Amino acid sequence: MKKVLTLLLVAVMLLGLCACGGNSNNPTPANPDPGTEATDTIKIGIFQPASGDNGAPGKQETLGSQYANVVQPTVEINGKTYNVELVIVDNESSNDKAVSAAQTLVSQDVSVVLGSYGSGVSIAGSDVFGAAGIPCIGVSCTNPQVTLGNDFYFRVCFLDPFQGTVLANLAVDQYKAQKAYVLTKLGDDYSVGVGNYFKNAFEKLGGECIVETFQEGNSDFTSYITKAKNEGCQICVAPISVEAAALFLEQAATQDIGMPILAGDTFDSNVIAGVGKGKNLDIYCSTFYVEGGNPEFDSNFKAWMESDATALANNGGNTTIAACSVLGYDAYFVALEAMKKAGAFDKDSIKAALPDVEYDGVTGHIAFDENGDAIRDSAFVKHLNTETGEYELFGIQQVK
Amino acid sequence: MQWIQQNLPYFLAGISVGGQYALIAIGYTMVYGILRLINFAHGDIFMCAGLMLVYLSASLPFYVSIPLVLLLTVLLGFTVERVAYKPLRKAPRMSVMISAIGVSYLLQNVALYVTGGLSKQYPAIPWLSDTVTVFGALTKRVTIITPFLTIILIVLLVLLINHTNVGMAMRAVSKDFETSLLMGIKIDNVISVTFIIGSFLAGVGSLLFFSNYTGVTPTVGAMPGLKAFVAAVFGGIGSVPGAVIGAFIIGICENIIKAMGWTTFSDAFTFALLILILIFRPTGLFGEKVTDKV
Amino acid sequence: MIEKKKGSKANLIFALGLVVLVFVLEQLLPSSSMLLTVIKKSAIYALAAVSMNLLNGFTGLFSLGQAGFMMIGAYAYAILNVPTDQRAAVYQYFDGGIIQFSITEGISSVLGNVAGLIIGVLLSLVVAGLVAAVFAYLIGLPVLRFRGDYLAVATLGFAEIIRAFFQWDKLGPITNGSNLLRKFTNLADFNIKNSTGQVIINLSTTILVLIVAACIMIIAMMINSTYGRSFKAIRDDETAAEAMGINLAKHKMTSFVVSAFFAGIAGALLAMYQTTVQAAPFKTAMTYEILLIVVIGGIGSLSGSCISAFIFVGASEWWLRFLDEEKYNILNTHILRSGFRKVVFSVIIMIIVLFFRKGIMGENELNIAGFGRWLKRLFTGKKKPAIETEAK
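Chains as they are written, first to last, in my numbering: chain A, 1 to 400; chain B, 401 to 694; chain C, 695 to 1086.
FYI, nobody ran anything at the bench for these hints, they're computed from the structure.
All of these numbers come straight from a predicted model, not from anything done at the bench.
No residue lacks a Cβ here, since even glycine has one placed at the ideal position from N, Cα and C.
Keep in mind that the hints are not guaranteed to be accurate.
[To be verified] To be clear about the criterion: a stretch of chain B counts as covered by chain C if any three or more of its residues have a C-beta under 8 Å from a C-beta of chain C, and this derived list gives those stretches:
| id | segment |
| --- | --- |
| 1 | 493-501 |
| 2 | 627-639 |
| 3 | 656-668 |
| 4 | 673-685 |
[Unchecked claim] In silico DSS-like pairs for lysine-lysine, Cα to Cα no more than 30 Å straight-line:
| id | chain 1 | residue 1 | chain 2 | residue 2 |
| --- | --- | --- | --- | --- |
| 5 | B | K490 | C | K926 |
| 6 | C | K887 | A | K97 |
| 7 | C | K1052 | B | K486 |
| 8 | A | K279 | A | K80 |
| 9 | A | K351 | C | K887 |
| 10 | C | K864 | A | K204 |
| 11 | A | K351 | A | K43 |
| 12 | C | K1070 | C | K1052 |
| 13 | C | K926 | B | K486 |
| 14 | A | K43 | A | K340 |
| 15 | C | K864 | A | K97 |
| 16 | A | K302 | A | K279 |
Produce the entire structure from the sequences given, and follow the hints as far as they go.
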């Protein structure tokens, strides 16, 4: 018996060594040597959730990058054309799984990483990317902590303090609200962040906030809605993930919450639109892009989704364009722009080139400030038309 | 009147959630009574029932899909027992419990694979999902139905346990496993029946729960499962009425805690209650007095 | 007795050999290698599993609170090690928090950077363990009186309660509420860098493995002492053990507290590995994972726990990942897609739980001395000496 066990042990160790051997046999050299076969492909890592709380929007964001890869599968650097390959890894919307997912990308020697949806996972992965020296372009991670004090992280979206202020202004300007109910999810950096910045901005404008939190895995929001009604709040701010939002809205409609619901970019999803359809709800969200902003892009993207069954399924079964998909698309091109600017595609050159990259994307002009955040001063505010189940542009909110 | 109107929703939610916990808790308490096993997979069977209706109702009308889901849930519970617990009948209790954890892990991962990790929208069952007004408080009809349906099912179950041969066999097995074996009771059959009843009630519970809270995710069963188990311990594990009362108490308390603004602790409170009851009354509320242990 | 001494000496050499092997690997492989990541994570899980094994396997107390104790350790470590100038950024919603010092920084300012780092981290680890142990003592007072399954549920419940407390925003100035703690001293700080900031010698994996090996050695020593024999006696038969004069309450408590101490250290190491800490991931699911590692390795075998931690982490994070990738699908089927890895993995676990109930090692330990003799025999071609068979 002992022999068998020992053999097993030896086998396991050999397996481990083989696997690591296999790993170290084909690394792409950090400094590419043009002319050899292996360097014809540039790897871009896609660090996105495909399961868990943010699975649905994570897939949509990935979809944008995938579509960009279809539109522009090659990049020309110094007169030579390279293929771009996307390496997609699922970070499971979970901060502890994000570390090993990030490590997987690092071990595949990607030149640059796009992602993620969700600020928590981006922060959790950022140290791994930072240690490996791989630059990242955050797509829709809006928490300030993602780029703050982290030279390797850039992002193409606006930030939570901005978003919180936009929502507070909307609440006061549009509804003359005095009292707001804020619902956030424990342990979700995005949710807690927006909730906090909203509270600060709203209180500065003379309002009063009631902040409540819920645990992960909670599905009963009845008490929260009752509380919001009983306290006489005039507005409800719920910057929560799509999954929780679907449950919350369903119950809010049943109990007739009777006040407008404001939220950040997470609500800009066809899942939310589907839940809200035909219900007595008043939903607003701040977001990065409105369908119709670039008709040519819209129609091409829709045509591509219709031609690809998997893509259509990942977008939730219809061709509504989510803002995060468009950002995923823009982020991809920003990465290519950085490579062109650097004249190389190793991680160090890209990192050095990124701060000065400027690019006119579908979502507008993208340039980075000293923190690596995109300089943006306006957000689109959308309102859900509950009859058609589609978002409509409500206005463009600017904050200086 | 205004006070009622403001606070009634908390109680309605509490009673409704309590009823749903009760239906799950019975599965725990019966299995524990007979096998002395905390069936950690029970919450996941509940989740699977929800998921099955999502997929089946997409192509079948409700009058077919709902009975079919209940049947499949029963089958799932039966299979889990035969495959994962029966081979370990003579093994130490810890092995069986670990096997239960393994099954729970497996079911969650299969659900993760099937759904692609995304939350599935539970279909709105006509009539059950309609909004109604009770004393000025708006809620779904299912909220009102739940406690009554739960009590009817429990009464039927207690009748079954007390007045049929199978029930008698169950009581015998839970009193003394070895002796009942000697008396010629087919233990395996009795255990299977236990699992079938437990799974059936979990299936009904899933109908009620997800009609109210319409998102099915792979891990959605874990928390209700644990809470239902706490309810079972609270009421005195092995006792059916105890589990039901425990479940209602926990459901209502949980919502009162939330109403008081202690939302961070709504889950923790359930466990605190469990520890308190274990310290001061280790057999639960009805652990000793009630005789119809199953 | 002499035989035993020899055995433990061989084990010590073997452990040192492993550390050296890791050191060599770390210098040879690129720092991005998955193998190093798996070694790091599995070392941490091995320590967590061994600490759980001490309780579940050797003392027979079925506790499911491990993730809770790991969380306490992780938080204690992280809170005490966020550099003062980063506190404002980390505790952004709580005005920089109320704790305004960092152990590592404090000691560094007195003893210099290198000594400060080593002593500071070791001290923080011990503190992390002690905090977890204190919590365990308090929890143990009421909980350890419960029998079997009730103990399991009560410890599980306590872990959830503690998790809720750590997420409470009233404690935010200390715990940062439910938000991430970050920027604290982590494993990468152990890499030796030259003046331009480039890493010359990678030490992050080696130092971690060294700490884990030392902790496991201490647990092994404890198990081989009179305490260990008392634990086993309690596991096998409580009444008999009590009749033999073993103080049940005292020994159970010792086992519980020691287990929590090392779980706390494992949590602190996990924090160092992840570089961020948050209460949310320390759920029951994490305890279940550690329990499964213990079961796969063999309940009551320390070396089994270590081996299975490596296999478990390697399989779940690395070797089976290809199952998730659609490009390996044959004949246009869609079987391989995101999540399939986990299905396969959980099926394997079920097979082990059902058919290989003893796990990899059963209750045996890896016998290095015996392995050496076996190798010798293999090369010299000699038959097993009769005496040894008799000795068994």
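Hint check:
1. Coverage of the segment 493-501 of chain B by chain C holds [criterion: at least 3 residues with CB-CB distance below 8 Å; count 7].
2. Here the segment 627-639 of chain B counts 3 residues with a CB under 8 Å from a CB of chain C, which clears the bar of 3, and the coverage holds.
3. Chain C is given as covering the segment 656-668 of chain B, and this holds because 4 residues of the stretch bring a CB closer than 8 Å to a CB of that chain, at least three being needed.
4. For the segment 673-685 of chain B, the stated coverage by chain C is satisfied: 5 residues place a CB nearer than 8 Å to a CB of that chain, which reaches the threshold of 3.
5. Distance restraint check for K490 of chain B and K926 of chain C: the Cα-Cα separation of roughly 22 Å lies within the 30 Å cut-off, and the hinted pair is therefore satisfied.
6. A distance of roughly 29 Å separates the Cα atoms of K887 of chain C and K97 of chain A; the hinted pair therefore holds under the 30 Å criterion.
7. Of the pairs offered as hints, the one joining K1052 of chain C and K486 of chain B holds, with about 17 Å between alpha carbons and a cut-off of 30 Å not exceeded.
8. Note on K279 of chain A and K80 of chain A: the hinted pairing is violated, with a Cα-Cα distance of about 55 Å set against a maximum of 30 Å.
9. Using a Cα cut-off of 30 Å, the hinted pair K351 of chain A and K887 of chain C holds, with the two alpha carbons roughly 21 Å apart.
10. Restraint check for K864 of chain C and K204 of chain A: the C-alpha separation of about 22 Å stays at or below 30 Å, so the hint holds.
11. Between K351 of chain A and K43 of chain A the CA atoms are separated by roughly 15 Å; this keeps the pair inside 30 Å, and the hint holds.
12. With a C-alpha separation of about 28 Å, the suggested pair K1070 of chain C and K1052 of chain C falls inside the 30 Å cut-off, and the hint holds.
13. For the proposed pair K926 of chain C and K486 of chain B, the alpha carbon gap of about 28 Å is at most 30 Å, so the pair holds.
14. Restraint check for K43 of chain A and K340 of chain A: the C-alpha separation of about 15 Å stays at or below 30 Å, so the hint holds.
15. Between the alpha carbons of K864 of chain C and K97 of chain A the distance comes to roughly 28 Å, so the proposed pair stays at or under 30 Å and holds.
16. Our distance criterion of 30 Å between C-alpha atoms is met by K302 of chain A and K279 of chain A, whose separation comes to about 27 Å.
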